[in-house]
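Colleague: Sequences listed follow chains A and B, in order.
Everything in the first sequence is counted per our numbering, starting at 80 for the first residue and increasing by one.
Everything in the second sequence is counted per our numbering, starting at 80 for the first residue and increasing by one.
Hints are computed from structural coordinates only; laboratory data are not their basis.
Built from N, CA and C at the ideal position, the CB exists for glycine as well.
Please note that a few of the clues may not be correct.
Pair ranges (Cβ atoms, derived) [said to hold, decoys possible]:
#, chain 1, residue 1, chain 2, residue 2, range
1, B, T81, A, P357, 40 to 48 Å
2, B, G333, A, M80, 27 to 35 Å
3, A, G335, B, K151, 46 to 54 Å
Below, a list of computed lysine-lysine pairs in the DSS-like style, where the Cα atoms sit at most 27 Å apart [to be verified]:
#, chain 1, residue 1, chain 2, residue 2
4, A, K391, B, K353
5, A, K353, B, K398
6, B, K535, A, K360
Computed, partial: chain A to chain B, Cβ under 10 Å [to be verified]:
#, residue
7, D267
8, L294
9, S296
10, Y297
11, S313
12, L315
13, L317
14, N322
15, E325
16, E329
17, L345
18, K353
19, E372
2 protein chains.
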Amino acid sequence: MTRILEVTDLILRDAHQSLMATRMAMEDMVPACEDLDNAGFWSLECWGGATFDSCIRFLNEDPWERLKTFRKLLPKTKLQMLLRGQNLLGYRHYEDTVVERFVAKAAEHGMDVFRVFDALNDIRNLQTSIKAVKKSGKHAQGTICYTVSPLHTVEAFVDMAQRLKEMGCDSICIKDMAALLKPQPAYDLVKGIKEKCGKDTLVHLHCHSTTGVTLVSYMKAIEAGCDIVDTAISSLSLGPGHNPTESLVEMLEGTGIETRLDMARLLKARNYFKTIRPRYKEFLSDITGVETEIFQSQIPGGMISNMESQLKQQGAGDKLQEVLLEVPRVRKVSGFPPLVTPSSQIVGTQAVFNVLMGPYKVLTGEFADLMLGYYGETIGPKDPEVMEKARVHAKKEAITCRPAELLKPEWEHLRADALSAKANGTDEDVLTFAMFPQVAPKFFATRDQGPKNLGKDPAATPAAAAAPAAATPTKPTGPQKYAVTINGQVHNVTVAAAR
Amino acid sequence: MTRILEVTDLILRDAHQSLMATRMAMEDMVPACEDLDNAGFWSLECWGGATFDSCIRFLNEDPWERLKTFRKLLPKTKLQMLLRGQNLLGYRHYEDTVVERFVAKAAEHGMDVFRVFDALNDIRNLQTSIKAVKKSGKHAQGTICYTVSPLHTVEAFVDMAQRLKEMGCDSICIKDMAALLKPQPAYDLVKGIKEKCGKDTLVHLHCHSTTGVTLVSYMKAIEAGCDIVDTAISSLSLGPGHNPTESLVEMLEGTGIETRLDMARLLKARNYFKTIRPRYKEFLSDITGVETEIFQSQIPGGMISNMESQLKQQGAGDKLQEVLLEVPRVRKVSGFPPLVTPSSQIVGTQAVFNVLMGPYKVLTGEFADLMLGYYGETIGPKDPEVMEKARVHAKKEAITCRPAELLKPEWEHLRADALSAKANGTDEDVLTFAMFPQVAPKFFATRDQGPKNLGKDPAATPAAAAAPAAATPTKPTGPQKYAVTINGQVHNVTVAAAR
Numbered sequence: 080m081t082r083i084l085e086v087t088d089l090i091l092r093d094a095h096q097s098l099m100a101t102r103m104a105m106e107d108m109v110p111a112c113e114d115l116d117n118a119g120f121w122s123l124e125c126w127g128g129a130t131f132d133s134c135i136r137f138l139n140e141d142p143w144e145r146l147k148t149f150r151k152l153l154p155k156t157k158l159q160m161l162l163r164g165q166n167l168l169g170y171r172h173y174e175d176t177v178v179e180r181f182v183a184k185a186a187e188h189g190m191d192v193f194r195v196f197d198a199l200n201d202i203r204n205l206q207t208s209i210k211a212v213k214k215s216g217k218h219a220q221g222t223i224c225y226t227v228s229p230l231h232t233v234e235a236f237v238d239m240a241q242r243l244k245e246m247g248c249d250s251i252c253i254k255d256m257a258a259l260l261k262p263q264p265a266y267d268l269v270k271g272i273k274e275k276c277g278k279d280t281l282v283h284l285h286c287h288s289t290t291g292v293t294l295v296s297y298m299k300a301i302e303a304g305c306d307i308v309d310t311a312i313s314s315l316s317l318g319p320g321h322n323p324t325e326s327l328v329e330m331l332e333g334t335g336i337e338t339r340l341d342m343a344r345l346l347k348a349r350n351y352f353k354t355i356r357p358r359y360k361e362f363l364s365d366i367t368g369v370e371t372e373i374f375q376s377q378i379p380g381g382m383i384s385n386m387e388s389q390l391k392q393q394g395a396g397d398k399l400q401e402v403l404l405e406v407p408r409v410r411k412v413s414g415f416p417p418l419v420t421p422s423s424q425i426v427g428t429q430a431v432f433n434v435l436m437g438p439y440k441v442l443t444g445e446f447a448d449l450m451l452g453y454y455g456e457t458i459g460p461k462d463p464e465v466m467e468k469a470r471v472h473a474k475k476e477a478i479t480c481r482p483a484e485l486l487k488p489e490w491e492h493l494r495a496d497a498l499s500a501k502a503n504g505t506d507e508d509v510l511t512f513a514m515f516p517q518v519a520p521k522f523f524a525t526r527d528q529g530p531k532n533l534g535k536d537p538a539a540t541p542a543a544a545a546a547p548a549a550a551t552p553t554k555p556t557g558p559q560k561y562a563v564t565i566n567g568q569v570h571n572v573t574v575a576a577a578r
Numbered sequence: 080m081t082r083i084l085e086v087t088d089l090i091l092r093d094a095h096q097s098l099m100a101t102r103m104a105m106e107d108m109v110p111a112c113e114d115l116d117n118a119g120f121w122s123l124e125c126w127g128g129a130t131f132d133s134c135i136r137f138l139n140e141d142p143w144e145r146l147k148t149f150r151k152l153l154p155k156t157k158l159q160m161l162l163r164g165q166n167l168l169g170y171r172h173y174e175d176t177v178v179e180r181f182v183a184k185a186a187e188h189g190m191d192v193f194r195v196f197d198a199l200n201d202i203r204n205l206q207t208s209i210k211a212v213k214k215s216g217k218h219a220q221g222t223i224c225y226t227v228s229p230l231h232t233v234e235a236f237v238d239m240a241q242r243l244k245e246m247g248c249d250s251i252c253i254k255d256m257a258a259l260l261k262p263q264p265a266y267d268l269v270k271g272i273k274e275k276c277g278k279d280t281l282v283h284l285h286c287h288s289t290t291g292v293t294l295v296s297y298m299k300a301i302e303a304g305c306d307i308v309d310t311a312i313s314s315l316s317l318g319p320g321h322n323p324t325e326s327l328v329e330m331l332e333g334t335g336i337e338t339r340l341d342m343a344r345l346l347k348a349r350n351y352f353k354t355i356r357p358r359y360k361e362f363l364s365d366i367t368g369v370e371t372e373i374f375q376s377q378i379p380g381g382m383i384s385n386m387e388s389q390l391k392q393q394g395a396g397d398k399l400q401e402v403l404l405e406v407p408r409v410r411k412v413s414g415f416p417p418l419v420t421p422s423s424q425i426v427g428t429q430a431v432f433n434v435l436m437g438p439y440k441v442l443t444g445e446f447a448d449l450m451l452g453y454y455g456e457t458i459g460p461k462d463p464e465v466m467e468k469a470r471v472h473a474k475k476e477a478i479t480c481r482p483a484e485l486l487k488p489e490w491e492h493l494r495a496d497a498l499s500a501k502a503n504g505t506d507e508d509v510l511t512f513a514m515f516p517q518v519a520p521k522f523f524a525t526r527d528q529g530p531k532n533l534g535k536d537p538a539a540t541p542a543a544a545a546a547p548a549a550a551t552p553t554k555p556t557g558p559q560k561y562a563v564t565i566n567g568q569v570h571n572v573t574v575a576a577a578r
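Looking at chain A on its own, in the form it has when it is part of the complex (with noise of 0.2 Å):
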């Protein structure tokens, strides 16, 4: 008898997120839809993670219209969206209200798979958006961020599954940002999740391609019972994206297992995302190939090339070396953080300064409130000496509660700041507001010019165009803030000498 293998098609969120800096427009995308929605795939992540910061930020598109065109245009298939958890979409923590409004509005709109995750792993930070999803009657997927450290064994992370389960999730994604997760790993996280949690539990894999062993991790992972697997369609694949979902398909031909996709219909889309590629060529990652050096360090590839181009307006380009065997130990330090949005930016800009200033002579304001437990809680314990210097530096004690307990109602006052920035009254735009305060006024003040495609004919564009170079912190000298791009997308790090 036949198995079917489900699988979710990222080409519409994380493909271009990935590999051109979340910069696809809408328009783009919309000629495609129709054989996305009857190719046959489980769901079609097409929202959260960047697009939202991306569509207000660089796009002057409205996301919440950019979610009700998806909705229309892909009828048959279920909408899938990546969200940060207590931090949404934003890079903070969100009081409980905020959290349930925006959750609320997202399933309103049509979104139908939550992928919820939190970047140290902490499922307190899960469980608003968990139960606002089932309120709203939609699928709740809980998320598992895979990382590699001495603490992270697999019956750590079948624990983890447990209680996800418990929770209510209705299923389990493992969540490898990083592609470091090899395939006899795969294998054991499956099983032991199949056999811990019920062999009927729903488990998702979603690996980047970076390492170039993935695709050979879907195949155990299968093996061993995985239901659902992320692929991107070819021609916006690999790299720091994902394995091919063509490739995926052939793969298992004679194996017993099948997925349920029209390869005709894939390829069209195929043959159609290729001719859009090349018009995003300034955005575009140059790798193409692999990077497996991501396994000595555990370091996400987007985060070596920031930390790179922090290092060179610094004056420091020579010490990247010593960058790179800095950010295992602050993760030591910090209690084995996996490195994911915003955890990545924070042990990272740390890892730098240490480098240029001596080991936690200058701290961020956000490492210290990681260190304090204001992010939540780690795998590990954390080092009480740097501890200290952050109680220090941070004026604040530490915390074991779950930080959103902490936080006062604030949507009245949300709504009463984004009214007075020329948000239009709804619901929507409050949200957009509290997640990007800095953004959203400008983008309320343009909304009416409609969006931008910044897309361009590949012959009108010159060769040697760059991606823009990520703004970063200048020669630190005392408490100082600064927005710190990464990935494209601003990251507020304020910087005061420890004592």
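Use these hints to put chain B onto chain A, whose structure you have.
Modeller: Then chain B, alone, in the frame of chain A:
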């Protein structure tokens, strides 16, 4: 107990043949040799295939000197070459003495492992070279060209492996030049060979990466007991090339199987070739992603782009789809030959002519020879009507014997011709002349100017520079001879109207 998987690296031959039209200069390979020699490879493929042709045609380099240099620079590692059986490195059948002398000379200069294949999988075309390799005391690797057709079952390939073993081959290579070998057939094939030929039979797997599935095929083949696999250092891997060596090493973690490779050496070689690759920008394949349509058309990527260029020059660029559909029909008519040099060119050119001028209205001389058995036997029967056309066209009868049986001794004749073309009197020069009689005289005349390096400082190369277009036949009006350049190799095609 840990099992060891052995690895052959292709960076010095097939990697640059597949990705940069075999143009890499010897001086660009020399600096990597120490790391490659100490990395722990089973062998390094560094000679044969198209390198001999490329050396004398483009690089003004003596291929025999290249071999001697590699032997000096790679003292610890077995050298490996690809040999086209009775065709040696040329495009016709040679009389047995020529084959014996070629093998003896290559062995004398340090070649260790001879991978011998025949484009039709007719093992009678391997017997002289295999015997010569054994006589030299070297490693004879018998090769199965993997292809897909109704007749190419696992059982048929396993039988072929058994016959190769009986012929005295030291190992069996499965050569998957078009990346058609999927994981389950890879498993079944290796398992079948181990069961039928004995578990001590060395099985060596060579896959290209064009379709994106073959690293998974490696995993399954290894699980079935495959002993050696072919990969390429990652900075010259993927696309129409091969799977990355570093990814293979990492992929095995936790499986109880490991390689003997030193990752630090691999990464040094990786970084080195990363700096070399952009120097050959004008020759670089523009395919960096995957091409899964090959599974439908069974036509290797390089063959498609060549047919496209032939059609365009005939003003028939819109006929490509028709030609793609015609290729499988030509394969059926001619007994399902695998598509590899030179059968890929013969079948492809005939398909173009069938579409342009009607089915078998015009036959190439080579296609007629293929139909009449002058290249050897195919797995399937041939179409009798087209065979009759071939007989009339070529004015000769079909044969069933080993084609080289019909050849008269030719060594003295070749020696005399080589000497009048200014060969230096060595057997090596006679062999060079024998393989490329049109090109060798010019090479002999300019040899003392020394090798050319076609690599260029990437900053000085105009971005839009394209690879030189392949020469293609002009409009056929009667019997004509054409020199068709395919993947940088000149192939002589004779065309006459069939009656």
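Colleague: With reference to the structure, classify each hint as holding or not holding.
Modeller: Results for each hint:
1. Checked against the hint of 40 to 48 Å, the pair T81/B and P357/A passes, with Cβ atoms roughly 46 Å apart.
2. Between G333/B and M80/A the Cβ separation comes to about 30 Å, which falls inside the hinted range of 27 to 35 Å.
3. In this structure the supplied range 46 to 54 Å holds for G335/A paired with K151/B, their Cβ-Cβ distance being about 52 Å.
4. The suggested pairing of K391/A with K353/B holds, with an alpha-carbon distance near 21 Å, which does not exceed 27 Å.
5. For the hint pairing K353/A with K398/B, the CA-to-CA distance comes to about 21 Å; that is within 27 Å, so the pair holds.
6. Note on K535/B and K360/A: the hinted pairing holds, with a Cα-Cα distance of about 23 Å set against a maximum of 27 Å.
7. Satisfaction of the interface hint for D267/A is found here, the shortest Cβ-Cβ separation to chain B being roughly 8 Å, below the 10 Å cut-off.
8. Taking 10 Å as the C-beta cut-off, the interface hint given for L294/A holds, the closest approach to chain B being about 6 Å.
9. Hint status for S296/A: holds, given a least beta-carbon distance of 8 Å to chain B, under 10 Å.
10. Interface hint status for Y297/A: upheld, as the beta-carbon distance to the closest one in chain B is roughly 8 Å, under 10 Å.
11. Below 10 Å, beta-carbon pairs count as interface contacts, and S313/A has one with chain B at about 5 Å; its hint therefore holds.
12. Contact between L315/A and chain B, as hinted, is supported at the beta carbon level, the nearest pair being about 9 Å apart and thus within 10 Å.
13. The interface hint given for L317/A is met, as the beta carbon of that residue sits about 6 Å from the closest beta carbon of chain B, less than 10 Å.
14. Interface restraint check: N322/A against chain B, minimum CB-CB distance 7 Å, threshold 10 Å, status holds.
15. The criterion of a C-beta within 10 Å of any C-beta in chain B is met by E325/A, whose closest approach is roughly 4 Å, and the hint holds.
16. With its C-beta approaching chain B no nearer than about 5 Å, E329/A sits inside the 10 Å limit, and its interface hint holds.
17. Taken as an interface hint, L345/A checks out: its beta carbon lies about 9 Å from the nearest beta carbon of chain B, inside 10 Å.
18. Interface hint status for K353/A: upheld, as the beta-carbon distance to the closest one in chain B is roughly 9 Å, under 10 Å.
19. Checking E372/A against chain B by beta carbon gives a least distance of about 7 Å; that is within 10 Å, so the hint holds.
In summary, the structure agrees with every hint in the numbered list given earlier.
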